[in-house]
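**Student:** Going down the list, the sequences are from chains A and B.
Heads up, the first sequence is in UniProt numbering, so the first residue is 1 and it goes up one at a time.
Heads up, the second sequence is in UniProt numbering, so the first residue is 1 and it goes up one at a time.
The set of hints was computed from the structure by calculation and includes no laboratory data.
By construction, the Cβ of each residue, glycine as well, lies at the ideal position given by its N, Cα and C atoms.
Some hints here could point you the wrong way.
[Said to hold, decoys possible] Not the full set, but computed from the structure, chain B residues with beta-carbon under 8 Å of chain A: (1) Phe21; (2) Thr51; (3) Gln59; (4) Val156; (5) Leu193; (6) Val306; (7) Asn341.
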Amino acid sequence: MGHEFRDYSRESCPTVKNILLLDSEGKRVAVKYYSDDWQAHAAKLAFEKSVFTKTLKTNARSEAEITMFDGYIVVYKFIHDLHFFVTAGDDENELILASVLQGFTESVALLLRNDVEKRTALENLDLILLCIDEIVDGGIILETDPNNIAGKVATNAVDGAVPFSEQTISQALATAREHLARSLLK
Amino acid sequence: MAQPMLKKDDDRDDEVDYHPFFGIEKGAVLQEARVFNDPQIDPRRCSQVITKVLYILNQGDTLTQIEGTEVFFSVTKLFQSKDPGLRRMMYLMIKELSPSAGEVIMVTSSLMKDMNSKTDMYRANAIRVLSRIIDGTILAQIERYLKQAIVDKNPVVASAALVSGIHLLQTSPEVVKRWSNEVQEAVQSRASLVQFHALALLYQIRQHDRLAVTKLVTSLTKGSVRSPLAQCLLIRYASQVIRESGANQAGERPHFDYLESCLRHKAEMVILEAARAITELSGVTSRELTPAITVLQLFLSSSKPVLRFAAVRTLNKVAMTHPLAVTNCNIDMESLISDSNRSIATLAITTLLKTGNESSVDRLMKQITNFMADIADEFKIVVVDAIRSLCLKFPLKYRSLMNFLSNILREEGGFEYKKAIVDSIVTLIRDIPEAKEIGLFHLCEFIEDCEFTYLSTQILHLMGNEGPRTSDPSKYIRYVYNRVILENATVRAAAVSTLAKFGALVDSLKPRIFVLLRRCLFDSDDEVRDRATLYLKVLGGEAVVGETEKETNEFLFGSFDIPLVNLEASLKNYEPSETPFDISSVPREVRSQPLAEKKAAGKKPTGPTGPTSGPVVSAIDAYEKSLSSIPEFAAFGKLFKSSAPVELTEAETEYAVSVVKHIYDGHVILQFNCSNTIPEQLLENVTVLIDASEAEDFAEVYTKPLRSLPYDSPGQTFVAFEKPDGVPAVGKFSNILKFIVKEVDPASGEVEEDGVEDEYQLEELEVTYADYMLKVPVSNFRNAWESMDPESERVDEYGLGARESLAEAVNAVISILGMHPCEGTEVVANNSRSHTCLLSGVFIGNVKVLVRLSFGISGPKEVAMKLAVRSDDPDVSDRIHEIVASG
Chain A
1 MGHEFRDYSR ESCPTVKNIL LLDSEGKRVA VKYYSDDWQA HAAKLAFEKS VFTKTLKTNA
61 RSEAEITMFD GYIVVYKFIH DLHFFVTAGD DENELILASV LQGFTESVAL LLRNDVEKRT
121 ALENLDLILL CIDEIVDGGI ILETDPNNIA GKVATNAVDG AVPFSEQTIS QALATAREHL
181 ARSLLK
Chain B
1 MAQPMLKKDD DRDDEVDYHP FFGIEKGAVL QEARVFNDPQ IDPRRCSQVI TKVLYILNQG
61 DTLTQIEGTE VFFSVTKLFQ SKDPGLRRMM YLMIKELSPS AGEVIMVTSS LMKDMNSKTD
121 MYRANAIRVL SRIIDGTILA QIERYLKQAI VDKNPVVASA ALVSGIHLLQ TSPEVVKRWS
181 NEVQEAVQSR ASLVQFHALA LLYQIRQHDR LAVTKLVTSL TKGSVRSPLA QCLLIRYASQ
241 VIRESGANQA GERPHFDYLE SCLRHKAEMV ILEAARAITE LSGVTSRELT PAITVLQLFL
301 SSSKPVLRFA AVRTLNKVAM THPLAVTNCN IDMESLISDS NRSIATLAIT TLLKTGNESS
361 VDRLMKQITN FMADIADEFK IVVVDAIRSL CLKFPLKYRS LMNFLSNILR EEGGFEYKKA
421 IVDSIVTLIR DIPEAKEIGL FHLCEFIEDC EFTYLSTQIL HLMGNEGPRT SDPSKYIRYV
481 YNRVILENAT VRAAAVSTLA KFGALVDSLK PRIFVLLRRC LFDSDDEVRD RATLYLKVLG
541 GEAVVGETEK ETNEFLFGSF DIPLVNLEAS LKNYEPSETP FDISSVPREV RSQPLAEKKA
601 AGKKPTGPTG PTSGPVVSAI DAYEKSLSSI PEFAAFGKLF KSSAPVELTE AETEYAVSVV
661 KHIYDGHVIL QFNCSNTIPE QLLENVTVLI DASEAEDFAE VYTKPLRSLP YDSPGQTFVA
721 FEKPDGVPAV GKFSNILKFI VKEVDPASGE VEEDGVEDEY QLEELEVTYA DYMLKVPVSN
781 FRNAWESMDP ESERVDEYGL GARESLAEAV NAVISILGMH PCEGTEVVAN NSRSHTCLLS
841 GVFIGNVKVL VRLSFGISGP KEVAMKLAVR SDDPDVSDRI HEIVASG
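The following block holds chain A by itself, in its conformation from the complex:
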């Protein structure tokens, strides 16, 4: 879509260039770009492919990992069959990026009740998309605290929404969400 992006200099504000959530084959679950560096769809896919293959063999499960290529730094973490990535220009403070990644992974874990895997993520894609929307706005970091992020998303969730799957699973999830929302809003 024809978004216009403004690239802010590092001088004025830390900037995120994209947030990617891919599956274990490198396919998109949810992605959001905040930079004109990749305009065409093909350029985005090429970047995702190269990030995915470059990081595939690393062990980014217990701790977040980091890599640098083509003038970008990418921090990433894998949970089950999901690969989380946050990208910035190579002059960015790595630890600021890591805090964005942490906000992303942990808020997703809260929202999915620790059932962090591709299927659940797709079933609750609305939550994932809202989550990304609450973390970064047009490249600028909006919030990094996982509890705050999940809280904002959960209050916004449609009451008792039934996800796109069988009733039993969805009911279970709906209650889970309610619990979560309540515990977060206490």
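We have chain A; now place chain B onto it with these hints.
**Tutor:** Relative to the frame of chain A, chain B by itself:
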């Protein structure tokens, strides 16, 4: 559910790759989106459909304009629903659809209503959506609310307004700048993210006002900023203030204490930001560096890869300029060589290679060998580059380093990686004489099994130049001849040339080379056969290129310094005739900017001495053509050089005049390009009156006036001078533009009969020595240097006095001489204390000149320079020294 949401397999429970969006299709989803128009809105259902549309967009599918508009309009219907969850999804949807200006109007009133809602979530999100989609006029309507929102009690609302402010500042800065007071209040907020966003916006509002930024930093560094992110911003702003304060004067730096105190902050991101800021201070002292290095060293042993990476990356940069400051970290660094994160390991290794001493080289090389196998090519290139510079630093270690390079050359790798290795070996061969024979031998082995034509030909060329001068040239012949048997035509041709070079320099090999070359006469490729034929004749003394051995060698080894584009163009223009094509008539200067007016290839007779029709693309030829069409200039001979145009008037004055200096052997023509920017005037009989009293060697011989210069239609007037033949005369000229001005009625275009004489002062112009020098590159400086007569060499030393920097001194000398910098030597590494610069050019009279400049800088910025010149004419070598001495 009313209808099945998705197509799915019945047995999907057993299927591993079950996908909730399996089989989803844009057309069907857009059909479903009609549900938005239902009078009774089902929030859950609508949310699901929005999610599906978002999924489709997220997968890279796009909506056509019509589809987008349709979806957008039906989404706006959902504002009727009071369901907060659905509202949130709508906001997201509107942002993703990025509506057109006409569409935006449909939702602004609803969004403005939400901006004033009691629900915080509505306010925050409505602000974010609006600021993404509105233009200036709507902004004026909502400005009041945004200012309020900035100081809203709810931090989410305040942050939304502040971040929107940052975005809006790019498009409507004058509006956002009016919010300064509110933003300043928000900087004091207790909410950490609000503080961060407010500080970012406040800085951007004030960033062009240095004083305001300094005040901001001074007041905030006293404490009151709690948020780590805001603290990081403040560190960036503080180091900018330091940078702009001119830094580096003796005594305390402003705000350094603040940076240092941040090294003790709780949050690691703040510590890192501060440490990095300190290491990047210009002219940082080792005392200032120490505390920053200490915290970075602690990070090196962290359990978090991101932290280790950040630290090692910063230290790696420091090692380039202050290797000694980093040596304390060497032990921690060595343990990182085995880090499972290969980026960290690579950075650690290259840091060690920069800081290590001679005794640790062997041990390091052993560790690196184990490590090379499992890193990506791009990291390998970094390592190879580091090893090359290490070897130049410790030439005695060439044996183990060369061994390492040859080992990795044998392993798998892509072109860029192999090229980096070959380049490194070539550098070592060039700079370390002892390494030459081993290096050549390794390269020979490499081309026995090399899949890259480019590298094979490059190596064959190098062997041709270096191999015959080794102790036992015969051992290379086998490798070269194998190429003729086994490789593709390009490599075969290169191998034939290499064989010829051995034959020319090593008499004992000559008969055997002849046998080999004769076999090449039966090659299937034209180029290979042609080369073999040519070389057989040349070596056999059936003189085609020259009578003497020296000329043969010049032909084989001399660098080919004619740009291929120029040669190609000249050959295209050459028409078969009695006169053979004369290669010396091909222009040697590379012109990047072709003249706008491309003239058709001329049909002038070509002669060995007379001007030839050159390439259409080259500016000098276009000049030459237009000049030689003026009869008075036709007798001046061949145009040697035309300068780039120099402006003689300020921008945006009534008349714009620039000058191009055309240099001939015995003449200089000044071409004044004039243009008239006043529609009410017509200028006639335009000339330039020149006072050449400060240019003694010049005598004016001819002035060609410009008859008429109407508005916006540029023209030229010329003044020609005579000067002593072949002498690079210099001087200053002061100029006055003279003309008759006539009034013009711009409406009718009618010109008044009577004109008035008038004149207009122009700036001075100078003819300098650089005008007599053509920037002509050579392909291999060292070979070219060695092939010139050492007798022509003139060496002297000069003190250049106190200079701002080494780079400034180097550029000054290059521009005085007007020569072409070779091999990228015009670039001076940051902070280096010495530099060698190689220049090439052709001086008037077609004299080839090569210059070697060695610079050194002492403590108080005193620069000294050693200048060595070789040229075809020793007098010219002397002349170059005179130029430098007088410049």
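**Student:** Any CB of chain A closer than 8 Å to the CB of B:Val306?
**Tutor:** B:Val306 check passes; min Cβ-Cβ to chain A is 5 Å, inside 8 Å.
**Student:** With 8 Å as the cut and Cβ atoms as the points, is B:Asn341 at the interface with chain A?
**Tutor:** holds, 6 Å
**Student:** If you take the shortest Cβ to Cβ gap from B:Gln59 to chain A, is it below 8 Å?
**Tutor:** This interface hint holds because 6 Å falls under the 8 Å limit.
**Student:** Under 8 Å, Cβ to Cβ, is where B:Phe21 needs to be relative to chain A, so tell me if that hint holds or is violated.
**Tutor:** holds, 6 Å
**Student:** Holds or violated: is there a CB of chain A closer than 8 Å to the CB of B:Leu193?
**Tutor:** holds, 6 Å
**Student:** Please verify that hint: B:Val156, Cβ, nearest Cβ of chain A, below 8 Å or not.
**Tutor:** holds, 7 Å
**Student:** Would the hint on B:Thr51 stand, with a C-beta cut-off of 8 Å toward chain A?
**Tutor:** Result: holds, 4 Å to nearest chain A Cβ.
In summary, the structure agrees with every hint in the numbered list given earlier.
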